[in-house]
Amino acid sequence: RQGVREGSELCVGCVDSNKYVKSLGIEYFPVTPGDRATQKSWTLEIKGLAYNGTAITTKPMIGNIDTGTALIWLPQSEAKALYNAIPEAQPLDQGGWMLPCTKAGSTGGEIGIVFQGSERVFNILPSQFNPEKVDGKDGMCKGVVRAWRNENETSALIGDAFLTSWYTVFDYGNMRIGFAHPV
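Per this note's numbering: the sequence shown = residues 4 to 186.
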């Protein structure tokens, strides 16, 4: 369930139509490269990022959809563009960004990902921005979107901060991932 730890489940080999808004459907995206013999992770092509429904980056990147990661890791230029759109956000060391804790749970807007092949923005719930207080910076919290330390890194790692906002289907048989609005 959206934004709630209780009620989450792993449904192997099935799609539970009671867990998502059926009228909105599931939007599927092919994994890349999509070859079962060589596929090592669940990767999708990302078209860009959006803030309040407006594109803030349009640089394509490969996103690894990872249930074992809590955060969202982006190339440095994309993380910087995202946080430049959030009022009062400031860079931290080691790829992190901080913003006033009063804005961390409600960033003043919606942050989202646009996947290749769609115009739809898949937003992250503001409650999932999951602030962590910054030591020595009174009233400041870390956002869950971080920048890779390596400036040459061009991929994204999309973890639970995004996944808990969406009912997600990992469809190995058809080599695709689907997202739907949870109930």
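No lab work stands behind these hints: they were computed from the structure.
Hints are supplied without guarantee of correctness; some may be wrong.
In the DSS-like style, the derived pairs of lysine-lysine whose C-alpha atoms are separated by at most 30 Å in a straight line are [to be verified]: (1) K140 with K83; (2) K43 with K22; (3) K50 with K83; (4) K22 with K83; (5) K83 with K62; (6) K50 with K62; (7) K22 with K50; (8) K25 with K50; (9) K43 with K62; (10) K136 with K83.
Computed from a predicted model, the values in this text were never measured in an experiment.
Now the hints, each set against the structure:
At most 30 Å may separate the alpha-carbon atoms for a hinted pair to count; K140 and K83 meet this at roughly 20 Å. Proximity of K43 to K22 is assessed by CA-CA distance (about 28 Å); at most 30 Å being required, the pair is judged to hold. This hinted pair checks out: K50 and K83 have alpha carbons roughly 17 Å apart, not beyond 30 Å. Between K22 and K83 the alpha-carbon distance is near 34 Å, which puts this suggested pair outside the 30 Å criterion.
Simply put, K83 and K62 have alpha-carbon atoms about 13 Å apart, close enough for the 30 Å limit, and the pair holds. Simply put, K50 and K62 have alpha-carbon atoms about 6 Å apart, close enough for the 30 Å limit, and the pair holds. With a CA separation close to 27 Å, the supplied pair K22 and K50 stays within the 30 Å bound. A C-alpha spacing of about 25 Å is found between K25 and K50, which places the hinted pair at or below 30 Å, so the restraint holds.
Between K43 and K62 the alpha-carbon distance is near 24 Å, which keeps this suggested pair within the 30 Å criterion. Between K136 and K83 the CA atoms are separated by roughly 20 Å; this keeps the pair inside 30 Å, and the hint holds.
Of the numbered hints given earlier, the model fails hint 4 alone.
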